[in-house]
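Number of protein chains: 4
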Amino acid sequence: MTNRNTKGHHPGKEAAGRAAAELVKDGSIVGLGTGSTTAYAIKALGEKVKKGLDIRAVVTSYQSEMLAIQAGIPLTSLAENPVLDIAIDGADEVDSNLNVVKGGGGAHFREKVVSLSANKFIVVVDDSKISDTISMAIPLEVLPCARELVQQQVAQMGGKASIRPASRKDGPVISDNGNFIMDAAFGEIPNPQEFADKLSNVVGIVEHGIFTNTDKVYIGYKDGKIELRE
Amino acid sequence: MTNRNTKGHHPGKEAAGRAAAELVKDGSIVGLGTGSTTAYAIKALGEKVKKGLDIRAVVTSYQSEMLAIQAGIPLTSLAENPVLDIAIDGADEVDSNLNVVKGGGGAHFREKVVSLSANKFIVVVDDSKISDTISMAIPLEVLPCARELVQQQVAQMGGKASIRPASRKDGPVISDNGNFIMDAAFGEIPNPQEFADKLSNVVGIVEHGIFTNTDKVYIGYKDGKIELRE
Amino acid sequence: MTNRNTKGHHPGKEAAGRAAAELVKDGSIVGLGTGSTTAYAIKALGEKVKKGLDIRAVVTSYQSEMLAIQAGIPLTSLAENPVLDIAIDGADEVDSNLNVVKGGGGAHFREKVVSLSANKFIVVVDDSKISDTISMAIPLEVLPCARELVQQQVAQMGGKASIRPASRKDGPVISDNGNFIMDAAFGEIPNPQEFADKLSNVVGIVEHGIFTNTDKVYIGYKDGKIELRE
Amino acid sequence: MTNRNTKGHHPGKEAAGRAAAELVKDGSIVGLGTGSTTAYAIKALGEKVKKGLDIRAVVTSYQSEMLAIQAGIPLTSLAENPVLDIAIDGADEVDSNLNVVKGGGGAHFREKVVSLSANKFIVVVDDSKISDTISMAIPLEVLPCARELVQQQVAQMGGKASIRPASRKDGPVISDNGNFIMDAAFGEIPNPQEFADKLSNVVGIVEHGIFTNTDKVYIGYKDGKIELRE
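Residue numbers (this note's numbering), protein chains in the order written: chain A, 257 to 486; chain B, 257 to 486; chain C, 257 to 486; chain D, 257 to 486.
Among the hints, a few may not be true.
Given that identical chains are not distinguished, each listed pair holds provided it fits within a single copy or across any two copies.
[As the list claims (entries may be wrong)] Below, computed lysine-lysine pairings styled on DSSO-like, alpha-carbon distance capped at 30 Å:
| # | residue 1 | residue 2 |
| --- | --- | --- |
| 1 | Lys304 | Lys376 |
| 2 | Lys376 | Lys416 |
| 3 | Lys299 | Lys416 |
Hints in this document: simulated from the structure, not taken from any laboratory.
Using the sequences and the hints given, assemble the complete structure.
Encoded structure:
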């Protein structure tokens, strides 16, 4: 299965993914995020499992489930293991205070649940995702019948929410939970925590893509170097 | 189809439902809630439609869809008509400031979306639902994989969230949107607006049952009398 | 969480459940069905796991997931383990050729997927479920928008399909997959395999409750005795 | 919202869509399919509605809902109007006996329900969709947990089923009903009715893309000419 942005090898993404995998201790329960950089972390963890690392993983999407199974990582669930030792995930934008935006892959609801269930939340990205201030459109998972109400409320907040069209089915992208994915452009968001609280109060949004609970970010550069921010 | 609490005729519920139906003007788009008192409003509106009232309705659940069709009320949707003139719905508890708790019927997510899409939100209840302060367990619609995380966060807020068991299927009640219904007991909630904001920030809750946007409440008494609060 | 028909101890159900649990070999991947008799099998398997039995289980519903976790049985999934060694499940009716009807608990879709993924499918019931010929209404999982079309097609087959009303939410019972549960009364069904094929061709039915792949049935009597049919 | 294959004007698609729209009589309830050729029919119907045609439409997907609303066609539902006068839809392949394959847009489940609810089912396509014998991979809507079981059963039928990857979310395409879309390659299918029956018996398939109930096909050529087959 080919996927969103898994085109070609990126040494920095791989280095960031591998660095995060190094943080996983024997005996851990690990949350596995979605996306191309996380895929490198999953592959690296799979190699360690083959060498004897004893872990079990909770996935955040059908994509990460498939990758984890392929990599040979035994799976569990939040129902079975409600508290995770660590969660590793990618991001679509990271600001200077480690606030991140997720949801380009449409999986941010389960990703947020998993990240908050973990004692440590590690983000892995390439350097193209770094910015001073969040400014990308915020992915929203939305109850289908509430799309107009969400657009109205987002407009009242000064933004513009659009339904994300699919390209391999007709109509909108549907999330793994059966809801719409919308993208809400607000321009720069200098105060992500406050803004996230406001978005949480918008009725009809099942979950938005702002995460304010990151512990560490590994940034991979094209030359394969990585930088750690925490 | 028999249903939750539709046992026997209740003159007060009927009077409250009929009073609300009287507010609906010709040419309106009307939101139709769920539950036994609202069912009287739907029936009353159906009688008016037969006599020539020109309305179209947006339903909040499969139950209200079935009742509206039976009553002969033409239906539309929020996609087609994003702004409603009026919405009529029941409630499970009403406090002295017209804050209400809904979700006993598991339909509070769409009910909230519909109520907020309406210019006026009218609540109809019998007098057993009235209290000074909200104190019933708050119904929550919850992403299935987030049930443990929601229980933890509710516990941190001083409450106790339980999965609502079904009785005509095995396992939990599943909402019309495919999610779990949980009930979170917090005791008295003297400040529902503030509390609602906090609940909205609990990750994993798709929507909670506190509504703070009621315009009028019709209360029906067993003797068939009604009282209006606004 | 209390549930559909788990009222009081039934020595025959327990004996049947325990007998099925005895069939599970060390190292197996086991499918775990839904319902009150299967619950005894899950409990028995949990006791064996505590004594060292090495198994992993695939659940068929949120109910069996919760029971298995409570019993301490490690879980896996069909994605991770597509072939099961054995599946154990209850039934609502068993005919003289070991054809069974399931879906009283609304979980027959995943139950059928799990039973067909298993090398052996063991059914456990109490003697009240035994009959010469299938005659109970057949549970159907139905796409919500197809309910009328299903009713028409069922009527053409000589049956009558009704939506199953919920009692702890308003409106119909919703399955764990977000669909309607309907019950289709046909009277006696002397040729279940042929009839099952016809039902599979009814457009709008996601899955019906007739299973024709049972290997063994353990029948428990009120005095605690069991009978094996195969 | 841009979408799958709505790139550039196609005179033949438009002519086919318009021809189908001409069949719709005043007072009809019309089923509206999904896809680029149907979109022309929807637009043409919208123009007729503006000129006074009195119809109501049932949509088959979020896409056709959005297009119909944009075109100003009043909507209804199968719940409200279980029997349609006519349904118009596109197709991905049409054989010489008017058997068609649908599901390239992932909406074939609701499309099939709508087509079977209609007294006449009209297919509109461009000439690239015509073939002697069906040979494209058959789109399947599949319960997520049953994907492996479906792959096994499809393999036993001599085919190969693959999960359809999404490109604007991570992981598989999710249908409007929350299920997976898979594509099952079987090579030529000379006997579509018999084959459709077999596919309907595959447990885990919610619905497959073979339709054998077409009444008329309008084929549009690049020069704007159309051909009618019935």
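Notebook entry, point to check: Under a CA distance limit of 30 Å, which applies to Lys304 and Lys376: within one copy, between copies, both, or neither?
Noted result: within (20 Å within a copy, 35 Å between copies)
Check: What label fits Lys299 with Lys416 when the C-alpha limit is 30 Å: within, between, both, or neither?
Finding: Between. Shortest inter-copy distance 26 Å satisfies the 30 Å Cα cut-off; intra-copy 38 Å does not.
Checklist line | Up to 30 Å CA-CA - Lys416 versus Lys376, copy category | finding: Classified as between; 25 Å across copies, 33 Å inside a copy.
Of the hints listed earlier, there is not a single one the structure fails to meet.
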